[in-house]
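Undergrad: Listed here are the chains, written in short residue letters.
Number of protein chains: 2
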Amino acid sequence: MEGMDHLAHERNKTEFDVDAMKIVWAGSRHAFELSDRMARLVASDPAFRKDDRTRLGRKELFKNTLRKAAHAWKRILELRLTEEEAGQLRNFVDEPSFTDLHWGMFVPAIKGQGTDEQQQKWLPLAYKMQIIGCYAQTELGHGSNVQGLETTATFDPDTDEFVIHSPTLTSSKWWPGGLGKISTHAIVYARLITNGQEHGVHGFIVQLRSLDDHMPLPGITIGDIGMKFGNGAYNTMDNGVLKFDNIRIPRNQMLMRVLQVTREGKCVQSNVPRQLIYGTMVFVRQTIVADASTALSRAVCIATRYSAVRRQFGSQDGGMETQVIDYKTQQSRLFPLLASAYAFRFVGEWLKWLYTDVTQRLQAKDFSTLPEAHACTAGLKSLTTTATADAIEECRKLCGGHGYLCASGLPELFAVYVPACTYEGDNVVLLLQVARFLMKTVSQLHSGKKPVGTTAYLGWKKASEDWSKPGVVLEAFEARSARMCVACAKNLSKFENPEDGFAELSADLVEAAVAHCQLIVVSKRKGEPDVTPATARGESDHHNKDEGFIDKLQQDIPGKGVKQQLQNLYYIYVLNLVHKYLGDFLSTGCITPKQASLANDQLRSLYSQIRPNAIALVDAFNYTDHYLGVGSRSL
Amino acid sequence: MEGMDHLAHERNKTEFDVDAMKIVWAGSRHAFELSDRMARLVASDPAFRKDDRTRLGRKELFKNTLRKAAHAWKRILELRLTEEEAGQLRNFVDEPSFTDLHWGMFVPAIKGQGTDEQQQKWLPLAYKMQIIGCYAQTELGHGSNVQGLETTATFDPDTDEFVIHSPTLTSSKWWPGGLGKISTHAIVYARLITNGQEHGVHGFIVQLRSLDDHMPLPGITIGDIGMKFGNGAYNTMDNGVLKFDNIRIPRNQMLMRVLQVTREGKCVQSNVPRQLIYGTMVFVRQTIVADASTALSRAVCIATRYSAVRRQFGSQDGGMETQVIDYKTQQSRLFPLLASAYAFRFVGEWLKWLYTDVTQRLQAKDFSTLPEAHACTAGLKSLTTTATADAIEECRKLCGGHGYLCASGLPELFAVYVPACTYEGDNVVLLLQVARFLMKTVSQLHSGKKPVGTTAYLGWKKASEDWSKPGVVLEAFEARSARMCVACAKNLSKFENPEDGFAELSADLVEAAVAHCQLIVVSKRKGEPDVTPATARGESDHHNKDEGFIDKLQQDIPGKGVKQQLQNLYYIYVLNLVHKYLGDFLSTGCITPKQASLANDQLRSLYSQIRPNAIALVDAFNYTDHYLGVGSRSL
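Protein chains in written order, with the UniProt record's numbering: chain H, 1 to 635; chain R, 1 to 635.
Isolated chain H (complex conformation) (with noise of 0.2 angstroms):
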């Protein structure tokens, strides 16, 4: 094929190590190599073919999907593929189904939650799928605000059971996903109620269906909440409705790890800190900025292959027309989403080691940086998936029509994307609360209290004049932020309550959390100068992969050339955004109109030099085209 030819020809103008480039997009050898090999082996597997799952309708789709995930089980068992291994076979396979809830929800819910006897009796029948489970959270009535939740949980001491009731319409259950058609148990968030108190929140394992013949059990009503965004996409997925009338179910299938409910009826805390669960939640927030630099990179792979095929214009004397890669719009539109990718890819791993670090403090009682973690991991979800939801439809138009053809791989995409940028805290939601730690360490500046880590550089208590002086860009950065944060602060101060001038401001204030997560993406590394994290104790980090973009640029890269490309990359990325949010680096002071053109110049003499490489560097990401879900099976 003609496009075959053209990506060749590409491919030989590459000035670095691609080979190399595969291994630090991978962030490690063994990395690589696992993923590639199941991703040939999912690529190569006829029954995983996924060409045709944008006409089929729901219910085709749904059996479609129910045979894949029965098929990789198969393979899994039959291959003895670890848990790891299995988890990227699954990735592969990209196609949502209950079995990602199962696995990455109810399963760790229990690890999580449960009692060592709770783990003993259910995990082993969840790790056979003897049961299949899913997570009962939000209600028809309340998604953010869990502490809205209707659903009661009430001890009835005679039986020594709860009571799970849907009290009104807006307390059904709403959303779990496996929920609709497939799970048989559910760990569902309730209400607990003893002795007539309420004591928040908890969760319990309930059994929805018979395991003989799959019927709802008496008393619960069960439904699939019907079509979502776009074809194929996350309709494989049966999310699902629930109502329960006055369930029975025995006391010990609340998850009793941290609060426990006695014979009695009374609540006992645990020596397990409640802390633990905010730990859970910076693991799985940190697992979703991991998943928008892949959503993002497999948009960018297709978009960047499509602009060096595609021809339209230029031609002169009858000539071939010119590569839309090289107009100028396109690279100014394209590049900065290449540039994204790489920069999420590099603060994920950064997110991970603080992971790692949080954990390593919480199991000794130190829960002096989990505030931080947890805004730093709220921020950057929020961020990076507002970001990848906004740039796949961008990688779309860059697609000019064939874009629009699910053919492309990026309207599927999309639509299975989108939700991120809801679940798992709404993105506005969340930095709301990264901007409300924000205000809190501006406030304490006055005290005296020096803030550490991500936000050491509020301390720093330049005057605006310093702000003014030719810096280097990432002091730009720092001073927007905290202009922005203390421009808040005061103006919050002339509210009377707080909570008044928290609500008037509050867009103003996402604005400074975005400014803030921006930062942070741009200049993470490990071991700021005022804190001292674990890692640096000694306590972990065997390797030297877990860090942020600046501290690769630090370091030797091996393979020629590839150190260059990822500071181009991070140059473009730092001045587009400085391009894009103009107005607030020139209300800072921080660099002039005239600076802001040069930055500019500098901006377009990057795309040039990135040009050449353009192919090679989505080749990088190492994805097979099953993967990319490019073309699909003629009608």
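Just so you know, these hints were derived from the structure itself, not from any lab. Positions of the beta carbon are idealized from the N, C-alpha and C atoms, including for glycine. Hints may be right or wrong, so weigh each one.
To be verified - Derived pair list, reagent style BS3-like, types lysine-lysine, alpha-carbon separation capped at 25 angstroms:
1) K63/H to K128/H
2) K580/R to K594/H
3) K450/R to K490/R
4) K63/H to K63/R
5) K440/H to K490/H
6) K594/R to K594/H
7) K59/R to K59/H
8) K328/R to K440/H
9) K181/R to K580/H
10) K580/H to K328/R
11) K328/H to K494/R
12) K328/R to K490/H
13) K563/R to K22/R
14) K22/R to K560/R
15) K580/H to K580/R
16) K490/H to K580/R
17) K59/R to K63/H
18) K328/R to K494/H
19) K560/R to K494/H
20) K128/R to K181/R
To be verified - Computed from the model, here is a short list of chain R residues facing chain H with C-beta under 7 angstroms:
21) A86
22) L123
23) P124
24) G401
25) C406
26) A407
27) P411
28) V428
29) V510
30) P593
We have chain H; now place chain R onto it with these hints.
TA: Relative to the frame of chain H, chain R by itself:
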């Protein structure tokens, strides 16, 4: 239902006359009554139900569309609907189908480009739907670049026929709606060749399928190009692929209104001005701008009602939670979109006036305003469709998790809308055309040529110190756009070859074009100081409705409080743009960071003023639930 109560309460808060606003939105009482009647007719007819559309497989979906198209045709004939009524009825059926192309492209192409004789032969057949036509222009390898089309139409003087041929794979016609399964005929665009010479791209009427058995005629290969973005959505359309193997058609099937080919194969220009074709382009793009405000208002209507019904957080003492529309974060995302819907509506009306004006001038052989009209429609098509596509997705996110369900109506609206950014001129390509027009205008300033109409502001030659004086917002928009245009022109002048400069600076040029187009939306009024439009000469405009936003605000508008609401919406639209493009404004020096901060405070205050009227402002769109596509049949 609980939701109904909430909205009743909201409607009681309204501070203006909603019925009067409905007339303002519709454009006239006549337009309101007609669309109201047709919308109800469709909504009350069970044959037009669309609440199961998103879960159907492609085949069922398509059959369903055929049933609806046939039913619509039956009702149009039974009720003896006028052309205007029939168009509105099809609009409210709200399901893309081959009839869109038949009525919207095939018939108009024959009317616009066919000779009287050709019209007499073909139009009656088309009007009775005895033939069904599509519009075959784009090719697999050629979208935006129409001059690059490869299909050939070679005149054979021996037989007095044209030979239509697809010489390559990339010359396959690709995308035409209605082609894949339905059309019997097509207007095919091909390179005209006579006597061995090329004469550019022209349109030909070609029969594709037998009128007896609907099979493709010999030498013609047709297929459906497969699934497109989203479920339901545009998959009700049979976009197709078409290849010709030396198909012969009689000479009189070339559309010859502008250029004729004689029996001897000579090309003869008629006395019909070629510029008429640009007039058609202005017409089509003008309707796209009107459609943008419609699509945007649908999304905003859904998101606003949801935001008023949905409650989350903020409950105190077990009371009701806070309506999410009361959060400033929600308002700052939603209300600018509501304001945009109104702004685009009014700029669309201004474009309608512009089209009428241009048409009258063309008929009088006055081509002087054509370049400006072309730039206006190209730019506004790009600006409004990009903004609308983004806004629909933002509205979807504003509905939280529920926006991801097809039952919200938003996923399908997004998927069916987004191609507007690509078809009828890719949005970036169009902005480059605007930029080219602007650069030409700026370059002529030196030669003393006075810019007119929408570019008049470029001729003010303000010294830069003028830009920094605190002026009204409108002046800031003018200063910003002028500064960006002049800066681009200055940078262009540094290049030896202007085309190289244009290519290198294209991303900056696109930004200047956007600034110019935003100025049009915020400033547009009939009769700019430097130009005497046709209407001012008393040639048209017997009613007073075809004008921009700012004109509306300077008139008496009937209905209590209507004008006040429009004023608030105007300033929300304007100040939100200042906030979003703050870097441009600050770089221009036309406002200071302090002023920007004050503008932000004013914006917040406007949100509070709009808040109690938000539901009534979307009620003024007068949309049925059927049209909004909310709700879904249970599974």
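Undergrad: Give a verdict on every hint.
TA: Evaluation of the provided hints:
1. For the hint pairing K63/H with K128/H, the CA-to-CA distance comes to about 22 angstroms; that is within 25 angstroms, so the pair holds.
2. Our distance criterion of 25 angstroms between C-alpha atoms is met by K580/R and K594/H, whose separation comes to about 20 angstroms.
3. Restraint check for K450/R and K490/R: the C-alpha separation of about 19 angstroms stays at or below 25 angstroms, so the hint holds.
4. For the hint linking K63/H to K63/R, the alpha-carbon distance of about 23 angstroms falls within 25 angstroms, and the restraint holds.
5. Proximity of K440/H to K490/H is assessed by CA-CA distance (about 12 angstroms); at most 25 angstroms being required, the pair is judged to hold.
6. Between K594/R and K594/H the CA atoms are separated by roughly 20 angstroms; this keeps the pair inside 25 angstroms, and the hint holds.
7. The hinted pair formed by K59/R and K59/H meets the criterion: a straight-line CA distance of about 14 angstroms does not exceed 25 angstroms.
8. With a CA separation close to 20 angstroms, the supplied pair K328/R and K440/H stays within the 25 angstroms bound.
9. For a cut-off of 25 angstroms, the pair hint linking K181/R to K580/H is broken: about 45 angstroms separates their Cα positions.
10. A distance of roughly 23 angstroms separates the Cα atoms of K580/H and K328/R; the hinted pair therefore holds under the 25 angstroms criterion.
11. Taken as a hint, the K328/H and K494/R pair is honoured in the structure, with Cα atoms around 17 angstroms apart against an allowance of 25 angstroms.
12. Proximity of K328/R to K490/H is assessed by CA-CA distance (about 18 angstroms); at most 25 angstroms being required, the pair is judged to hold.
13. For the hint pairing K563/R with K22/R, the CA-to-CA distance comes to about 13 angstroms; that is within 25 angstroms, so the pair holds.
14. Proposed proximity of K22/R and K560/R is supported: the alpha carbons are some 13 angstroms apart, at most 25 angstroms.
15. Of the supplied pair hints, the one linking K580/H and K580/R holds, its CA atoms being roughly 10 angstroms apart against a limit of 25 angstroms.
16. Between the alpha carbons of K490/H and K580/R the distance comes to roughly 22 angstroms, so the proposed pair stays at or under 25 angstroms and holds.
17. Our distance criterion of 25 angstroms between C-alpha atoms is met by K59/R and K63/H, whose separation comes to about 18 angstroms.
18. The straight-line distance between the Cα atoms of K328/R and K494/H is roughly 17 angstroms, inside the 25 angstroms bound, and the hint therefore holds.
19. About 36 angstroms separates the Cα atoms of K560/R and K494/H, which puts this hinted pair outside 25 angstroms; it is violated.
20. Between K128/R and K181/R the alpha-carbon distance is near 19 angstroms, which keeps this suggested pair within the 25 angstroms criterion.
21. At a threshold of 7 angstroms, the smallest CB-CB gap from A86/R to chain H is about 28 angstroms, leaving the interface hint violated.
22. Violation of the interface hint for L123/R is found here, the shortest Cβ-Cβ separation to chain H being roughly 30 angstroms, above the 7 angstroms cut-off.
23. This hint is violated: P124/R has a C-beta 33 angstroms from the nearest C-beta of chain H, more than the 7 angstroms allowed.
24. A least Cβ separation of about 5 angstroms between G401/R and chain H falls short of the 7 angstroms threshold, and the interface hint therefore holds.
25. Checking C406/R against chain H: minimum C-beta separation of about 4 angstroms stays under 7 angstroms; hint holds.
26. Taking 7 angstroms as the C-beta contact cut-off toward chain H, the hint placing A407/R at the interface holds, the least distance being around 6 angstroms.
27. Interface hint status for P411/R: upheld, as the beta-carbon distance to the closest one in chain H is roughly 4 angstroms, under 7 angstroms.
28. Look at V428/R: its Cβ gets to within about 5 angstroms of chain H, closer than 7 angstroms, so that hint holds up.
29. Checking V510/R against chain H: minimum C-beta separation of about 6 angstroms stays under 7 angstroms; hint holds.
30. Because the closest C-beta pair between P593/R and chain H is about 4 angstroms apart, less than 7 angstroms, the hint holds.
In summary, the numbered hints that this structure violates are 9, 19, 21, 22 and 23.
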